[in-house]
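Asker: These are the residues of each chain, in order.
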Amino acid sequence: MKASRSDRVLRWMAPIAVGIVVVLVWHALVKAFEVPKYIVPSPLLVVETLITDWELLFRSLLITLKITFGAFFMAVLIGTVVAFLFVQSRWIEVSFFPYAVLLQVTPIVAIAPLIIIWVRNPTAALVVCATIIALFPIIANTTLGLRSVNPGLVDLFRMNRASRWQTLTQLRIPSAAPYFFGGLRISSGLALIGAVVAEFVAGTGGTSAGLAYQILQAGFSINIPRLFAALFLITVTGVALFLLMVFLSKLALGNWHESEVVQER
Amino acid sequence: MAAVPVPADPAPVVEVLSADKVYADGTRALHPVDLSIRPGEFVTLLGPSGCGKSTLLKMIANLITPSDGRLRWWRQGFERVGEPGRQLVMVFQDATLMPWARVQKNVRLPLDLAGAARADADARVAEALALVRLTGFERHYPRQLSGGMQMRTSIARALVTDPNLLLMDEPFGALDEITRNRLDADLIQLWWKKHLTVVFVTHSIYEAVFLSTRVVVMSARPGRIVKEVAIGEPHPRTDAFRVTQKFAAYAKELSELLADASARGAIDL
Chain A
0 MKASRSDRVL RWMAPIAVGI VVVLVWHALV KAFEVPKYIV PSPLLVVETL ITDWELLFRS
60 LLITLKITFG AFFMAVLIGT VVAFLFVQSR WIEVSFFPYA VLLQVTPIVA IAPLIIIWVR
120 NPTAALVVCA TIIALFPIIA NTTLGLRSVN PGLVDLFRMN RASRWQTLTQ LRIPSAAPYF
180 FGGLRISSGL ALIGAVVAEF VAGTGGTSAG LAYQILQAGF SINIPRLFAA LFLITVTGVA
240 LFLLMVFLSK LALGNWHESE VVQER
Chain B
0 MAAVPVPADP APVVEVLSAD KVYADGTRAL HPVDLSIRPG EFVTLLGPSG CGKSTLLKMI
60 ANLITPSDGR LRWWRQGFER VGEPGRQLVM VFQDATLMPW ARVQKNVRLP LDLAGAARAD
120 ADARVAEALA LVRLTGFERH YPRQLSGGMQ MRTSIARALV TDPNLLLMDE PFGALDEITR
180 NRLDADLIQL WWKKHLTVVF VTHSIYEAVF LSTRVVVMSA RPGRIVKEVA IGEPHPRTDA
240 FRVTQKFAAY AKELSELLAD ASARGAIDL
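Chains as they are written, first to last, in numbering that gives the first Met the number 0: chain A, 0 to 264; chain B, 0 to 268.
Hint data in this document are derived by calculation from the structure and do not stem from the laboratory.
The list that follows gives simulated cross-link-like pairs (lysine to any residue, SDA-like), each with its CA atoms no further than 25 Å apart:
| id | chain 1 | residue 1 | chain 2 | residue 2 |
| --- | --- | --- | --- | --- |
| 1 | B | LYS192 | B | THR160 |
| 2 | A | LYS249 | B | GLU137 |
| 3 | A | LYS30 | A | ASN222 |
| 4 | B | LYS57 | A | ARG146 |
| 5 | B | LYS57 | A | VAL148 |
| 6 | B | LYS193 | B | ARG74 |
| 7 | B | LYS251 | B | ASN180 |
| 8 | B | LYS57 | A | LEU167 |
| 9 | B | LYS104 | A | PHE156 |
| 10 | B | LYS57 | A | ASP154 |
| 11 | B | LYS193 | A | ASN159 |
| 12 | B | LYS57 | B | GLY68 |
| 13 | A | LYS249 | B | GLN143 |
| 14 | B | LYS251 | B | ARG179 |
| 15 | B | LYS104 | A | PRO150 |
| 16 | B | LYS104 | A | GLY253 |
| 17 | B | LYS57 | A | ASN149 |
| 18 | B | LYS104 | A | ARG160 |
| 19 | B | LYS226 | B | ARG241 |
| 20 | B | LYS104 | A | LEU152 |
| 21 | B | LYS57 | A | PRO150 |
| 22 | B | LYS104 | B | ARG123 |
| 23 | B | LYS57 | A | SER162 |
| 24 | B | LYS104 | A | LEU247 |
| 25 | B | LYS57 | A | PHE156 |
| 26 | A | LYS249 | B | ALA100 |
| 27 | B | LYS57 | A | VAL153 |
| 28 | B | LYS104 | A | ASN149 |
| 29 | A | LYS65 | A | LEU102 |
| 30 | A | LYS249 | B | PHE136 |
| 31 | B | LYS57 | A | THR166 |
| 32 | B | LYS104 | A | LEU250 |
| 33 | B | LYS226 | B | PRO38 |
| 34 | B | LYS226 | B | ASP33 |
| 35 | A | LYS249 | B | GLN103 |
| 36 | B | LYS57 | A | LEU170 |
| 37 | A | LYS249 | B | PRO141 |
| 38 | B | LYS192 | B | ARG123 |
| 39 | B | LYS104 | A | LEU252 |
Using the sequences and the accompanying hints, generate a full structural model.
Answerer: Shown next as structure tokens:
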């Protein structure tokens, strides 16, 4: 019991220690070689900028978050529906799966101009771009999950004359859950990447400027500390999203699925 | 044939009437088979892999339809199976438990699917768990149980509907010998106590001799019934039966039948 607790503390402390060391070394190097702030700002300056530019950066963060969550939500919704359609019949899957792949492999940068022309509302256009990027893992994983049902259990349900609905809700959906949550983890990260990429390609300034737009602007005006501050916010958002997905997955599968069970030694 | 229970109603539980199975790709899994299972029997289908014993069992479970011939359950079609006194259940090769559900919910599944009232269902689950000596494990998840306990959970799930006919497809094949012997002994007690009719698939000669009132010896390529051997040892049997001359003689007879059949099969090839 004691060993496992110290193990858990180590799990948190070790990466934090690495982070502190990296920041200290970064600070020392910048000071020692007198690196100008328009090349690499010191970590202290980045924090300072984060505080002084907070209003601007926070507004942009909210915009990026809005697009990320909008895209993630749409990807989960559409992806799940598509996966359910795919498992209804082999023919639907065989006919449409190549197009899901097509959507996945087409570089979003190449079709973003089209989407901007088609979708008038700029925020909606960005959400569409990010959704396209985040969609595929949900479709692929959920389809696989819905198909990965223990054949013995299928027979058991059949022998008990289970209805289609009972088989779906009590067998297929629980069986698919671990795969679905795996898809969520990948897709949440992709939604953020999609939001940033879409902003780079199609982002607008003014009140609807996201973090990517701030990075672009900071780059143009050689405001490198602000660029670092915006970058820092994106990174923190990505980590927070990942942790949120890990937490959700633990919440749903923690009691039974191997991937979430800590092996006792 | 000493204390084998003599049923008041001699109508067979299952009749297999020259049923065979040829798969779509032309593979013949089973030659036409005739088999009749009487109430209270413990019939074992014994044979090497590929002899169609699982196919035959799944036909009896109505999970596979015969290519030709037919089956009857209690002298009727399958649509009347499930009525009182015509309850058919199956235990699979592995425990096939739902990993996301606790033992309680796993065992209650057949009742839940049938829409049984919760309180009544829970009482029957407790009864079934007591029969397989798993009382106290209701709140466990399958992964927290040993292989033998998972299998007993699976058996409890089969018993919860109070079945008349119990089909078992190599249920203990994946377990170690000690656990298997233990479960065999438990199973034979259950069969005796609950007046079940059992059809049991195995490739273990010793398991077949120990359990059965009748062994149906099958051979592979193509799958067919070679011979039926009645095991004339009174019930309920205990582990002492395993070390008797009689047991050894039956084991010898069955293994000779199997060897003979496979030799003939080799010439067919």
